[in-house]
Amino acid sequence: MDDGIELKDIEFKYRGKGTYALRKINLSISAKSFYLLIGPSGCGKSTLLRVINGLIPNYYHGNFSGKIYLFGKDITGFSVRERTREGISTVLQFPEDQVLARKVWRNVAFGPANFGLAREEIIRRAKWALKQVDMIQYWDHDIMKLSSGQKQKIILASALAMKPKLLLLDEPTSQMDPVSAENFAFLLKEINESLGVTILLVEHRFDEFYKIAHQVILMNNGNIVKIDSPLRIFYTDLPRKLGVGEPKIFSLIKVLKKDRVFKSFEELEKKILLELQDIESLPKKNLANMRDVNKRKNPVLSLRGIRYKYKGNKDYTLKDINLDFYEGEFVAIVGKNGSGKTTLAKIAAGIIKPKSGVVSFKGKPLINSKKLFGRRIIYCPQNPELMLFNQTVYDEIAFGLKNLGFSRDIVHKKVNKIMRFFGLSNLKDSYPLSLSGGEKLRVAIASLLVLEPDIMILDEPTRGLDWSIKLDLVRYLREYLKTSGSSIVLISHDVELLVEVDLDRVVLIDDGKIIMDSHKEQIFTQPNIKSYGIKPPVISTLLQKMDLENIVGLNEFASLFGGKKAWQ
Amino acid sequence: MAINSYFIYEEKDTFWHRMNVGIKILLVLISIISIWFNLKILLFTLILFTFILITGASLSRFISIIKSMLPFLVIIFLLNSYFYSVLYTDEIYILYPYLTYYGVYLAGITVLRLLVMILVLDFFFITTSPEDLEDFLLKIRLPHSIVLAITLMFNFIPTIYEEISRIKDAQMMRGIYNLSFLKRLKLQVYSIVLPMILSALNRAGRIAEALELSGAPSAERVILTYKGIKLSDVLITIFIILIIISLAFFNYATDNMLILLY
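So the protein sequences, as listed, match chains A and B. Under the numbering used here, read the first sequence as residues 1 to 568, first letter to last. Under the numbering used here, read the second sequence as residues 1001 to 1262, first letter to last.
Since the hints were made in silico from the structure, they are not lab data. Worth double-checking, as some hints may not be accurate.
Below, a sample of chain B positions facing chain A; criterion: calculated Cβ distance under 10 Å [said to hold, decoys possible]:
(1) N1178
(2) F1181
(3) L1194
(4) L1198
(5) G1215
Taking lysine-lysine pairs in the DSS-like style, the calculated list, with each CA pair at most 25 Å apart, reads [stated by the list, open to error]:
(6) K1040(B) <-> K103(A)
(7) K1012(B) <-> K103(A)
(8) K1139(B) <-> K314(A)
(9) K311(A) <-> K1012(B)
(10) K127(A) <-> K1227(B)
(11) K362(A) <-> K145(A)
(12) K311(A) <-> K145(A)
(13) K535(A) <-> K271(A)
(14) K362(A) <-> K513(A)
(15) K211(A) <-> K297(A)
(16) K513(A) <-> K346(A)
(17) K440(A) <-> K1168(B)
(18) K32(A) <-> K127(A)
(19) K270(A) <-> K211(A)
(20) K127(A) <-> K1012(B)
(21) K211(A) <-> K414(A)
(22) K346(A) <-> K1168(B)
(23) K353(A) <-> K1168(B)
(24) K1186(B) <-> K402(A)
(25) K24(A) <-> K73(A)
(26) K1168(B) <-> K309(A)
(27) K355(A) <-> K1168(B)
(28) K530(A) <-> K145(A)
(29) K1067(B) <-> K314(A)
(30) K145(A) <-> K1012(B)
(31) K1183(B) <-> K402(A)
(32) K402(A) <-> K1139(B)
(33) K1183(B) <-> K414(A)
(34) K353(A) <-> K1012(B)
(35) K309(A) <-> K319(A)
(36) K1168(B) <-> K145(A)
(37) K1168(B) <-> K311(A)
(38) K355(A) <-> K1067(B)
(39) K103(A) <-> K1067(B)
(40) K440(A) <-> K13(A)
We treat Cβ as the ideally placed atom computed from N, Cα and C, and that holds for glycine.
Using the sequences plus the hints, can you model the full thing?
Here's what the structure looks like:
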């Protein structure tokens, strides 16, 4: 195949930084191919995309050297604008930051309108691009009223309207629910195959993309560690060792200790099933013997007949919700974007008042909820690292305790204890905002948990994080529960993560109603689970063929083979 | 109505939404200048923009603006009543030595002016989409970089409000409500404003990146939809200007007549 883009000896160091973000990168991406770029956070993936689209060195300054060729043409000295004209388009991580006009069609037309095309041509391109992403019916809609998945489709259409030859995407699905992410993956496949657009995609979600990508580029510390087919690269232990994780099916085959590389994914799946058939005594989980999740007494927090409608909305966001949370529980709330999860969490925490219904805390109606904040109930919003503002990690964690009037000695004791617990002791004097993404998240959550609430509600804290960081966080939370007796409610889209956590139960919400409140095995193996925006776990999908569908997590699956937690 | 609903575009298809943006700006300028002339014009603009807001948005929106502004307006009224009364001491007292009739009258006018200004600005922003504003500003040949700065500001107001509320939610959980009012206020400002500035700076960087990748700002920028000046726009503006001039003249004439009579 022809070279689509070729990078020769690329090096880059951001101005004011001590180390190189990219070191001697040599890369050749074939035209019309689909490349998946993976690596741990901060390894240089986004920097590499910036080098290609020209943001480096035109927008981000620093020491740059090397050559870039696009379809054989040297574009090293080209500006961002010139590179866009040459056919490079980019989709960034957060769709909200790329909403440069409120109307859908204006946003799609925004790019072409900057290049002096005729108005008719701009409109024609906008229509074409929206048709490609199957969003033409939203032509005149307000983009801010669409879901995250729909917004990102519009952003993709905006990139397509520039008629790109090379499409760069930087974690475009990080804000999406699993089903939207899967649809987005199919869309990219379609664009790559039918339009012949070369795709270079940075992603943390592999289960949606590993079958689509032709090649995978693995990066670490500013270097390209390996470029190979998904089958080969994920079969090695490299991605896992670097903390980026791997598609579940590869973890599964590793549990089965198969040490050869397969020619196709079909062969791999077939082999797994054959292996399982050979094992006669695979125990089937008996759901009937499981403890009934709803037959407990004295809830910590109780919601009865909760209804809520946002101002200006015709429909209720929450419709007659009845839900209890008990002491020491680890509960997950799942559902697609816009199903009402965040609203439910805010009402449960007393931040917003329901239009009707009662929220009770330990049997008493929650009236002056503000007085309970920090003492009894804690709600941790999305992107909790946004709240960091103190000079040191110690001060950040101590902030809430000081507000609650604890003595200096007690503050010192509690802060040191939680820092040890969350592995933050060595970062005690660091400036919180200079820490890595995972560390910032741990500081933010530690600064709330140090208040020792009776119940803590976390709203999608793991969005867009590396697999190892996510696992670390839930491990910390689980351990914390064991020692504290608090309850934790985790709102998350991340089914693959949830199935690996020792959850007491899962609450499935859709369209403002509770659809199911049960064990994760029962929820995630529902035949119609996809209609609720939840993608069934990879393991259960595969094991369904073996009548073992009640095993949903790899951890559990691995325990059947001698207890080795290969996925970790 | 929450503060975050002020000045946010409401998508509707009313006469005021279809009006040319330039004409709307002219109307806003005339109204804001004219309310300083006399009480009759002030009352006229109050009635006019009450009518416009009810027809351009809704009665409930108008009522909720007044309701949410009420505590703020009451404080301004009380403070102004006191200060004007202190300033004009040779007037009739309502409450000696704090309040005079004249002081209360002047404070009332100040509050009315403020209210009208809020209504006028709210009218402009709820009936003008950032896209219409962009096309108008490009039409009058303002550089694209300036146009972008203005329109993006309006585009991102709801997003910024959302972010502030997220930070506020997080900080509220850290025991701030257990402090005394003043300490709480100080900490709230500090713990919300600082992260908000940092987050706004981060967002500004990401938006600038997105703009750069879209080829903006651009000297070749094409105007996509421009709402031209219609006859009805001109007629309504002339009608409003005529009323304001008549009221100004009527006031001038009655004042002179009173002087002649004396």
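Practice item. Enumerate the violated hints, using their earlier numbering and listing them in ascending order. Key: 2, 6, 8, 11, 15, 21, 32, 34, 39
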